[in-house]
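Peer 1: The chain contents come next:
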Amino acid sequence: MQESVIMKIHYGTALGAVVLVAIHILFRMTQNFSESLQYESVIANYHFLPYAIMLELILILLSVHGFNGLRVILIELKQGVGYEKAVNYGCIAGIAVLVAYGSRTILMAGFGM
Amino acid sequence: MERQSNREGIKGWLNPGRYGLERVAYWLMRLTGLGLLVYFIAHVFETSSIVNGKEAWQKMLELTQTTEGHIILTIVIGMCVFHTANGIRVMLGQGGVGVGKPGRPDYPYKPASLNSRHKLCILASIGLAALAMMYGLAVLFGE
Amino acid sequence: MATITPKLSDEFPLTIASSTNSVTLRISKFNPKTDSTATFVEFKVPVQKWTTVLDIILAVKQHLDPSVAVRYSCRQASCGSCGMKINGKPALACYTKISELNSNVVTVEPMNNFPILRDLAVDFTQFFSTHKKLKPYIIRDDSEVTGDTKEFLQTPKEVEEYLQFSYCIKCGLCNSACPTMATDTSFIGPQALAQAYRYIADNRDNGKKDRLKIIDDSHGIWRCHFAGSCSQVCPKGVDPAMGIQLLRGYLLGFRK
Amino acid sequence: MTDTIEHDLLIVGSGLAGLRAAIQAAKTSSKIKIAVISKLQVMRSHSVSAEGGTAAVLFPEEGDSLESHVYDTVKGSDFLADQDVVERLVREMPSEIYQLEHWGMPWSRRDDGRIGQRKFGGYSFPRAAYAQDKVGFYEMQTLYDTCQKFDNIEFFNEWFVTSIIHDGQRFCGITAIELSSGTFYTIKAKALIIATGGAGRVYSYSTYALSSTPDGLDMAYRAGLALKDMEFVQFHPTGILPSGILITEGARGEGGYLINKDGERFMKKYAPGLMELAPRDIVSRSMMTEMSDGRGFKNETGVDCLKLDLRHLGDNVIKEKLAAIREISMKFSGVDPSNEPIDIRPVCHYMMGGVHTDIDGATEIQGIWAAGEAACNSTHGANRLGANSTSECIVWGKITGELAARYVLDAKTSPFPLHLVAVEEKRIYDGIFRGHGDVNPYEVKQQVTDMMNEKAYVFRNEKDLVDGLKKLRDLKEKAWKHVDDKASEYNTNFTNVMELDSIFRIAEVILVGAIKRKESRGAHARTDYPARDDKNFLHHTLAYYDLKEPILKEHPVTITKYKPVERKY
Ligand SMILES: Cc1cc2nc3c(=O)[nH]c(=O)nc-3n(C[C@H](O)[C@H](O)[C@H](O)COP(=O)(O)OP(=O)(O)OC[C@H]3O[C@@H](n4cnc5c(N)ncnc54)[C@H](O)[C@@H]3O)c2cc1C
Ligand code: HEM
Ligand code: SF4
Ligand code: F3S
Ligand code: FES
Numbered sequence: 058m059q060e061s062v063i064m065k066i067h068y069g070t071a072l073g074a075v076v077l078v079a080i081h082i083l084f085r086m087t088q089n090f091s092e093s094l095q096y097e098s099v100i101a102n103y104h105f106l107p108y109a110i111m112l113e114l115i116l117i118l119l120s121v122h123g124f125n126g127l128r129v130i131l132i133e134l135k136q137g138v139g140y141e142k143a144v145n146y147g148c149i150a151g152i153a154v155l156v157a158y159g160s161r162t163i164l165m166a167g168f169g170m
Numbered sequence: 056m057e058r059q060s061n062r063e064g065i066k067g068w069l070n071p072g073r074y075g076l077e078r079v080a081y082w083l084m085r086l087t088g089l090g091l092l093v094y095f096i097a098h099v100f101e102t103s104s105i106v107n108g109k110e111a112w113q114k115m116l117e118l119t120q121t122t123e124g125h126i127i128l129t130i131v132i133g134m135c136v137f138h139t140a141n142g143i144r145v146m147l148g149q150g151g152v153g154v155g156k157p158g159r160p161d162y163p164y165k166p167a168s169l170n171s172r173h174k175l176c177i178l179a180s181i182g183l184a185a186l187a188m189m190y191g192l193a194v195l196f197g198e
Numbered sequence: 004m005a006t007i008t009p010k011l012s013d014e015f016p017l018t019i020a021s022s023t024n025s026v027t028l029r030i031s032k033f034n035p036k037t038d039s040t041a042t043f044v045e046f047k048v049p050v051q052k053w054t055t056v057l058d059i060i061l062a063v064k065q066h067l068d069p070s071v072a073v074r075y076s077c078r079q080a081s082c083g084s085c086g087m088k089i090n091g092k093p094a095l096a097c098y099t100k101i102s103e104l105n106s107n108v109v110t111v112e113p114m115n116n117f118p119i120l121r122d123l124a125v126d127f128t129q130f131f132s133t134h135k136k137l138k139p140y141i142i143r144d145d146s147e148v149t150g151d152t153k154e155f156l157q158t159p160k161e162v163e164e165y166l167q168f169s170y171c172i173k174c175g176l177c178n179s180a181c182p183t184m185a186t187d188t189s190f191i192g193p194q195a196l197a198q199a200y201r202y203i204a205d206n207r208d209n210g211k212k213d214r215l216k217i218i219d220d221s222h223g224i225w226r227c228h229f230a231g232s233c234s235q236v237c238p239k240g241v242d243p244a245m246g247i248q249l250l251r252g253y254l255l256g257f258r259k
Numbered sequence: 065m066t067d068t069i070e071h072d073l074l075i076v077g078s079g080l081a082g083l084r085a086a087i088q089a090a091k092t093s094s095k096i097k098i099a100v101i102s103k104l105q106v107m108r109s110h111s112v113s114a115e116g117g118t119a120a121v122l123f124p125e126e127g128d129s130l131e132s133h134v135y136d137t138v139k140g141s142d143f144l145a146d147q148d149v150v151e152r153l154v155r156e157m158p159s160e161i162y163q164l165e166h167w168g169m170p171w172s173r174r175d176d177g178r179i180g181q182r183k184f185g186g187y188s189f190p191r192a193a194y195a196q197d198k199v200g201f202y203e204m205q206t207l208y209d210t211c212q213k214f215d216n217i218e219f220f221n222e223w224f225v226t227s228i229i230h231d232g233q234r235f236c237g238i239t240a241i242e243l244s245s246g247t248f249y250t251i252k253a254k255a256l257i258i259a260t261g262g263a264g265r266v267y268s269y270s271t272y273a274l275s276s277t278p279d280g281l282d283m284a285y286r287a288g289l290a291l292k293d294m295e296f297v298q299f300h301p302t303g304i305l306p307s308g309i310l311i312t313e314g315a316r317g318e319g320g321y322l323i324n325k326d327g328e329r330f331m332k333k334y335a336p337g338l339m340e341l342a343p344r345d346i347v348s349r350s351m352m353t354e355m356s357d358g359r360g361f362k363n364e365t366g367v368d369c370l371k372l373d374l375r376h377l378g379d380n381v382i383k384e385k386l387a388a389i390r391e392i393s394m395k396f397s398g399v400d401p402s403n404e405p406i407d408i409r410p411v412c413h414y415m416m417g418g419v420h421t422d423i424d425g426a427t428e429i430q431g432i433w434a435a436g437e438a439a440c441n442s443t444h445g446a447n448r449l450g451a452n453s454t455s456e457c458i459v460w461g462k463i464t465g466e467l468a469a470r471y472v473l474d475a476k477t478s479p480f481p482l483h484l485v486a487v488e489e490k491r492i493y494d495g496i497f498r499g500h501g502d503v504n505p506y507e508v509k510q511q512v513t514d515m516m517n518e519k520a521y522v523f524r525n526e527k528d529l530v531d532g533l534k535k536l537r538d539l540k541e542k543a544w545k546h547v548d549d550k551a552s553e554y555n556t557n558f559t560n561v562m563e564l565d566s567i568f569r570i571a572e573v574i575l576v577g578a579i580k581r582k583e584s585r586g587a588h589a590r591t592d593y594p595a596r597d598d599k600n601f602l603h604h605t606l607a608y609y610d611l612k613e614p615i616l617k618e619h620p621v622t623i624t625k626y627k628p629v630e631r632k633y
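Residue numbers (our numbering), protein chains in the order written: chain A, 58 to 170; chain B, 56 to 198; chain C, 4 to 259; chain D, 65 to 633.
These are calculated hints, taken from the structure and not from any lab test.
Glycine residues also receive a C-beta, built at the ideal position from the N, C-alpha and C atoms.
Check the hints yourself; a few may be wrong.
Chain A regions said to be covered by chain C (calculated; three or more residues, Cβ under 8 Å) [stated by the list, open to error]: (1) 58–67; (2) 126–138.
In silico DSBU-like links for lysine-lysine, alpha-carbon gap of 30 Å or less [stated by the list, open to error]: (3) Lys97(D) with Lys213(D); (4) Lys383(D) with Lys165(B); (5) Lys100(C) with Lys165(B); (6) Lys52(C) with Lys582(D); (7) Lys47(C) with Lys550(D); (8) Lys165(B) with Lys135(C); (9) Lys66(B) with Lys36(C); (10) Lys138(C) with Lys156(B); (11) Lys66(B) with Lys135(A); (12) Lys542(D) with Lys47(C); (13) Lys138(C) with Lys362(D); (14) Lys95(D) with Lys36(C); (15) Lys156(B) with Lys160(C); (16) Lys153(C) with Lys92(C); (17) Lys527(D) with Lys582(D); (18) Lys165(B) with Lys160(C).
Short, incomplete list of chain A residues facing chain B, as computed with Cβ under 7 Å [unchecked claim]: (19) Val75; (20) Tyr96; (21) Leu119; (22) Gly123; (23) Leu155; (24) Ala166.
So here's chain A without its partners, still in its complex pose:
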């Protein structure tokens, strides 16, 4: 992928995340902080479809943003064709694993129970 496309995604995900994370945190503030973390209220949140979708979005955005950030740091740290390939695929794998794992939670918590 063209580096400019990757970096536009990086900025885009950051911008998207600003909005969504703000909402996510605001949700923590709708109630008393520790109350909001009670199992029941959390599950309730997960059952609320728009919120679940939002969580999924945050998950994707931040995974992409975060792992791309890591990729940037790693390819700046050391160079070499093999190494850079490994970093790139490693980060893609990281994103995939994290998104899959997080999605599992959202799916199971949202619909499974």
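Go by the hints and put chains B, C and D with the ligands onto chain A.
Peer 2: Chains B, C and D with the ligands alone, transformed into the frame defined by chain A:
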């Protein structure tokens, strides 16, 4: 024989103060980015416990609702606020916004891109992060 | 037998004034062909208020240790030869007065992020070839760039769009201060990026597309994080950091 | 044992002349291999320090004319310039300015978008095209960057050329040391352009880069080429104290005043017409007279000086048009010219003389051309006008670049005189690198260059010159030839001593020529012969190398239109 390339290496990323505030911001941005990534991964794992039922969730919550947990959370809040605020500044700057206009530089040279607008934004980001951390401390330890 | 006793004061042409201080000059000596590590040698040298770091290095070379390897030419900050690390920060030796350093100890080391040739002299091979890669010249149809036609008109304002970037003396200080350069061996670097902008901003040039393509690379412009250290150390007010961000503005669609 | 490389065209020296030649040669044919060899990194050449402007007739519609530029130059030269050569310079120059412009030169512009020109000394029209006061720097950058377009130009950064090899008729190659490794190379080639620049570091108080030593001139001289008119050394009126860095004539072109202790614009006594903008030789002599008559200032270093006053120009003009000298005087002398006059005194600035060439820049050996300050094609005669030197570099860079490239295309190679390489190797390694001596060569250099400053400065006389020559020869006998640094990598101690070695021969040529020329003409002012003597000395001086002392010959001046008349401004 290989000529030593004399790269400053990762040492060059440390000691950020010697080149001024912008370099400190660069360094903090990196640290907070990495910190947040670590937190984020941990967070995804942490919340995954919910699928194992209420007990597992409560156990996990207890693990994090300790003093250390609160301190870590406070740091995360600070990192998040700095990274976000500075991130917005950096995005604008990297798009060429607010970096000054080309023009005749007069000796002694003051680079227009290292201007007070950006310096203020950096300081504000640090300030906001500090405020958020205080607020977080208040909320977390307040009860 | 004829001997001439070394008098350090001879070194500064036409200087008769008497009030001299002295400082300790520490020079990093290293020949990659024969040494395994760099060592510092120390000298005491007299200075006056206009004495520059280059002056004292040359004084040492001429009277105390002729083997000091150092690059210099114009001694007036226009050729870009004498970049080195002075008390920890990259600067031009001929452009740094001892009196500005506020220190009795002056430590000089070769610039970082360049291979060392010997002592203070570093290798610019990669630096020059990167500069060349970015097509640092007016790109236009060849038939248009002959001397047979009068000048392309350019208002003073249009000149100011790129003039400051063409102050670059290719000293390499920016590259040695940049944090990305510290670890990234393939990064284009602030000097060449700023030059890419210099030509794009020139209304006589049509090479924008070519150059944007070159810099849009995994070790291209995106490896700049606006750390600003390049502009901090630039002795000529080029402000590469500004040029780079403006350049990126094109790629991000902020500018046309 | 030497390593050998082959090329088609060698250009030694990478100043304005060398780079312009390289581009022209590359444009002439993409088939020839061109090497630009410089003892510095290519773009660090002394030319980057040129400040004020480049002369050319750009606005005939506004009153300027080619004839006027020709006449000003010839008159400025005190009628020693070859007039056909001057005409060629003037004719070729306008399109060269446009050419540079098309290559990206950031000329300062007028409001209508055309190239700006400023007044310069000795001209009857504002004729110096300028780019702030960093003209040479920008020109160098433009040429260097334009060279990057051509893949058949190769740069040899930091190669010290030690000698020219030819078989008596035709050029064969050079010998050079690659500084980074210390390897001694033979470079074979069909053609050579000598563009090694001026040699002003023969004087200790000088505007030149520290690298402007006479080793380039010396290798031509040793190779049997004639040096022409070396006694004519220009002293620029405004060198800043204490460093000797130049304050451009552009400062006076923009309206700066020269003042003496009484606050008087003393030039009204010497050149009431042009005042501060009289040619440099006249201004420098006037300044020396003022100072020796006790109307000078004392600089804090204890040296006599006068002052250059720019305050009335206003901060804005100074910042816009004289940015570099503002920076220089603030940085190196702690004086902001907007608030305070600058301490200045005449300073060695240019060598009218150089390798003898014809109007095409060709030397007496086939396949060797010379261009730029190193050459003397007699554009400047006895005194160069400001802004005419960068012009000369560019025009003859172009001419020689093209001629040499064409020559290469159908040149035959002749057998290479290998034994000369062995001789050269012995000269520099046995004679200098392993030479014996206990006198610090840097001290010797200081003494020689101080002597030149003292004895062959603005005003000269028989006694001083003869004393100087004697001192020079004494110093030469001293056991100074030694190099303490025995490493091969980046050994500048070695090159410094080779440079000193060349200073001796070239300083001798200057002194001998000055002694012989018993008249005052242009920059060569003899107090014992204060008048110009066209009957006996309206000729060029040629100096040929000989082991004992330079052999001097005379060479006629080409006069086409303008008969010598008395020079008044
Ligand atoms: C301070 C100053 C200001 C000036 N301002 C003006 C002005 O405003 N207008 C104007 O018209 N003129 C001006 N001049 C004059 C003009 O700058 C010079 O005459 C001109 O730049 C000379 O250029 P060049 O190409 O001949 O040589 P240079 O630029 O001197 O280059 C010489 C080259 O030869 C190389 N070289 C020398 N010896 C060797 C060797 N042994 N082996 C390998 N390489 C070697 C050097 O490395 C260098 O690359 C000024 C001069 C000075 C000193
Ligand atoms: C929510 C608001 C966020 C914004 C506005 C934001 C913005 C940015 C920007 C602009 C950059 C590029 C910095 C540069 O090029 O120098 C960046 C880098 C980075 N971000 Fe974020 N980010 C945000 C959240 C996060 C989060 C939550 C994480 C963790 C998962 C994260 C991880 C990273 C990493 C690791 C980098 C690379 C660090 C660097 O290159 O300096 N970011 N961020
Ligand atoms: S941009 Fe400035 S610091 Fe960098 S090479 Fe050019 S002059 Fe030197
Ligand atoms: S220091 Fe480096 S990170 Fe960018 S702003 Fe300058 S190039
Ligand atoms: S010697 Fe030329 S920049 Fe310092």
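Peer 1: Against each hint, give a clear statement of whether it holds in the structure.
Peer 2: Here is how each hint holds up against the structure:
no., hint, in the structure
1, 58–67, "holds (count 6)"
2, 126–138, "holds (count 6)"
3, Lys97(D) with Lys213(D), "holds (14 Å)"
4, Lys383(D) with Lys165(B), "holds (15 Å)"
5, Lys100(C) with Lys165(B), "holds (19 Å)"
6, Lys52(C) with Lys582(D), "violated (43 Å)"
7, Lys47(C) with Lys550(D), "holds (24 Å)"
8, Lys165(B) with Lys135(C), "holds (28 Å)"
9, Lys66(B) with Lys36(C), "holds (25 Å)"
10, Lys138(C) with Lys156(B), "holds (24 Å)"
11, Lys66(B) with Lys135(A), "holds (14 Å)"
12, Lys542(D) with Lys47(C), "holds (29 Å)"
13, Lys138(C) with Lys362(D), "violated (51 Å)"
14, Lys95(D) with Lys36(C), "violated (37 Å)"
15, Lys156(B) with Lys160(C), "holds (12 Å)"
16, Lys153(C) with Lys92(C), "violated (46 Å)"
17, Lys527(D) with Lys582(D), "holds (12 Å)"
18, Lys165(B) with Lys160(C), "holds (20 Å)"
19, Val75, "holds (6 Å)"
20, Tyr96, "holds (5 Å)"
21, Leu119, "holds (6 Å)"
22, Gly123, "holds (4 Å)"
23, Leu155, "holds (6 Å)"
24, Ala166, "holds (5 Å)"
Violated hints for the displayed structure, listed by number in ascending order: 6, 13, 14, 16.
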